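Asker: Sequence:
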Amino acid sequence: MGLTLYGFDASPYVRTVKILLREKGATFDQLQVNVMKGEPHHPEHLKRHAFGKVPVVEHDGFRVIETSAIMSYLDAVLPGPTFTPDTPRDRARSQMAQAIYDSYGYGSMASVFGYYLFPDFIGGQNDESLKKGIEASKLVLTELMKLKGSDPFIAGKSLSIGDLYLAPACAYLAMTPDAETVFSVEGFSGWWETIQDLPSFKTTPPQ
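When we follow full-length UniProt numbering, the leftmost residue of the sequence shown carries the number 1, and every step to the right adds one.
All clues stand as given, with none of them false.
Straight line, CA to CA, 30 Å or less: simulated DSSO-like cross-link-like pairs of lysine-lysine:
1. K131 to K146
2. K37 to K53
3. K24 to K146
4. K37 to K202
5. K202 to K138
6. K53 to K132
7. K146 to K132
8. K202 to K146
9. K24 to K47
10. K53 to K138
11. K24 to K53
12. K131 to K37
13. K53 to K131
Read the hints as simulated data drawn from the structure, not as lab findings. Because the structure is a prediction, the values reported are computed rather than measured.
Please model the complete structure; the sequences and the hints are all you need to start from.
Answerer: Now the structure itself:
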């Protein structure tokens, strides 16, 4: 039955899944579900995800929702390199990065890049929200770079799911006038250069 990804290419979370699929060399179909047009809340998609979110993955008749579960599942079932670290400590680093991004990162970063790129989607340009988003985004990157330490990637010597979580939002932030301020975090520039060089990152630009 194959693998189908339901999701909008402009979604950072959808791009996270697509980067993993590219790294795995997986063959998959994609059905665009346009968040900007409210399509996740159409009846056909609500049957896939009752809360109207993307991405959703269907694999051989098995449906997976929520990015953390999708990434863990695909990393386990698809052939190719693994993005789940070998050691308990490095797995914890990757999982902490995912949780920090989900809980504190995405909303903060979206308030910055959304201000410039998708103002209608975030309810308009609010200068106070932008200022708070810049501060919070910088704090998130600071804590994630502490997890990375002297390693090239967030969870050690190899690319992990934690890195794939963060990369798409950083790509949007890089398009804004506030990128230099948000990115002025120790250890970030080297990590970001490495991520941008990945073929999987280069071939999954937001549309």
